[in-house]
Structures are given as C-alpha cells and as structure tokens.
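Chains A and B supply the protein sequences, listed in that same order. Here the first sequence is numbered in the numbering used here, starting from 1 and rising by one per residue. Here the second sequence is numbered in the numbering used here, starting from 1 and rising by one per residue.
Any given hint could turn out to be false.
Stated by the list, open to error - Derived coverage of chain B by chain A (criterion: at least 3 residues anywhere in the stretch with Cβ under 8 Å from a Cβ of chain A; other residues may be distant): (1) 5-12; (2) 17-23; (3) 40-52; (4) 78-91.
Unchecked claim - Taking lysine to aspartate or glutamate and the EDC-like style, the derived pairs with C-alpha atoms no more than 16 Å apart in a straight line are: (5) B:Lys86 - A:Glu39; (6) B:Lys87 - A:Glu38; (7) B:Lys87 - A:Glu116; (8) A:Lys138 - A:Asp62; (9) B:Lys87 - A:Glu39; (10) B:Lys86 - A:Glu38.
Because the hints were derived from the structure by calculation, they are not lab data. Glycine residues also receive a C-beta, built at the ideal position from the N, C-alpha and C atoms.
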Amino acid sequence: MIPILNQATLLFPSKSCNEAFARTTAACFAAQLDPTLEELGDIKTAVSEAVTNAIVHAYPQDLGVVTLRLRILEGHIFEVCVKDKGVGIPDVERARQPLYTTGDDSRSGMGFTIMESFMDSVRVRSLPGKGTTVTLRKRLSPRLGGSR
Amino acid sequence: MPVRLAQDKNALTFYLQGEIDHHGARGIMLTLDREVAARDPGMVTVDMGEVSFMDSSGIAVLLRCWRRLEETGGKMRVRNIPPQAKKVFVAAGLHKIIPMDD
Numbered sequence: 001m002i003p004i005l006n007q008a009t010l011l012f013p014s015k016s017c018n019e020a021f022a023r024t025t026a027a028c029f030a031a032q033l034d035p036t037l038e039e040l041g042d043i044k045t046a047v048s049e050a051v052t053n054a055i056v057h058a059y060p061q062d063l064g065v066v067t068l069r070l071r072i073l074e075g076h077i078f079e080v081c082v083k084d085k086g087v088g089i090p091d092v093e094r095a096r097q098p099l100y101t102t103g104d105d106s107r108s109g110m111g112f113t114i115m116e117s118f119m120d121s122v123r124v125r126s127l128p129g130k131g132t133t134v135t136l137r138k139r140l141s142p143r144l145g146g147s148r
Numbered sequence: 001m002p003v004r005l006a007q008d009k010n011a012l013t014f015y016l017q018g019e020i021d022h023h024g025a026r027g028i029m030l031t032l033d034r035e036v037a038a039r040d041p042g043m044v045t046v047d048m049g050e051v052s053f054m055d056s057s058g059i060a061v062l063l064r065c066w067r068r069l070e071e072t073g074g075k076m077r078v079r080n081i082p083p084q085a086k087k088v089f090v091a092a093g094l095h096k097i098i099p100m101d102d
C-alpha cells in the first residue's frame, strides 16, 4: 500500500451535466501536485471518459450515484477512482477493446483506449448487477519549486 | 453549444468552440448532420481553434461527419486543433483517417 497524503470524495447523480464538474474538480485537486498543463489535460480527459462511462452505461434507465474519489499518494502519484452501483460490465476485457461500444452512435468506443494512453494504469473491477469501479493512476513529474 | 459556419462555394467550414464532451456532443452532431445534408459540400473543414476541451465524444462527432461525407464523395479535414484535443485525436488514431492541418 502506498501511503495516502490527501484525499477527497465527491458524490453526484449520474447527470451528463456533471461530466464537466467531475473532470474540473479532479484537475483542481491534482493542482496540489503542481502538474504541467499537459498532465492536467491528461487527467481531465481520463476522468471525463471514466465518469461518462458511469453516466451512460451504469444507469441506463434512471439516475444513480457516481462516486469520485481523488487521492494524492506518496511519490507524486495522482489516483482517481470512479465508482457506480449500476448494471456492471459482463465482459471487462471486451469492453476495453478499441471501438467496442454498447452505446449509440454518439459514442466512439475509444474511452478505455484514451484512459490507458493518458494514465499510467487503469484498473477495472465490475460485477454484473452490483456495479463498476475504475481506478486510474498517474505519476506526475516532480518539478523544481513544486509544492505538495 | 452553437456551431458557427461559413460557406465558400462548395467548401463548408464549421467553427467548433468550448468543451466537447458527451453532454454537448449530440447537439453538435445534429448541427453537422443537418448542415452537411442541406448543403452537400465537396469539402468540409472543421476549425477547432476555440475548443477548450475534447474527449472521445468529439471523436464520435468527427467520425460521423467523415462517414456522411464518404457516402456523398465529399472530403474533410480538421485544422487549428489545440494540444489537448490533438492528443485525443491521435490516441484514437483519427489522424490516420481525417487529415489534420497545423
């Protein structure tokens, strides 16, 4: 276990207007690690993908709760955990394949591919009928004069 | 989110702006669909100079416009793409399909 230096947890209903709120909040929290603009962009993008997945796929019929847990871990690591109690993913391996989507034509099927290329690690745990937890981690570059 | 456009003979330019995510993507998609169907352009340029954020929802928007133009024999390119959106564009491999001008 890597020691946790700081953390914040946010709960919100699975409304699409919360996508911008979630990614902006994650970027604000990550600002404590003095990230570069590119790193901030990477975090915003990956969080947007994970939260959009929860909003679009986890609760197809009605609204549910999405939990966003943000953590700063020792070693300049930023961790984002997006959790839902929705329908779950029957086949996680398949869901992670590029271009695979169960969504409509407004979805590209590139969400996991983008999370994987913008973060250092992407872990997905899902149980059908119970929900899905996606944990993203990225080690940010330590900069001279940077604060923690 | 409003999409500005300019037409010069057979060439149509869309100016996208702001944050392109799942929340706003459908509106942009419908505007592009409608204008491409109504004007039947030979060349579509998507100017992304004013886009402050884009995730994979933007990929879906651009791919759909590209597919529409493939059907009618039109061409498409993207220009003025900011660094964050460009990174998404490249990570999705879209630069292999839709030409990107710097």
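Taking the hints in turn, this is what the structure says about them:
1. 5-12: violated (count 0)
2. 17-23: Since 4 is at least three, the answer is holds.
3. 40-52: Violated: only 0 residues of the segment 40-52 of chain B have a Cβ under 8 Å from chain A.
4. 78-91: holds (count 5)
5. B:Lys86 - A:Glu39: 14 Å, holds
6. B:Lys87 - A:Glu38: Given pair B:Lys87, A:Glu38 holds - Cα atoms ~10 Å apart, limit 16 Å.
7. B:Lys87 - A:Glu116: Status holds; Cα separation ~13 Å.
8. A:Lys138 - A:Asp62: 32 Å, violated
9. B:Lys87 - A:Glu39: 12 Å, holds
10. B:Lys86 - A:Glu38: Roughly 11 Å separates the two Cα atoms, so the pair holds.
Hint compliance for this structure: hints 1, 3 and 8 are broken, all remaining hints hold.
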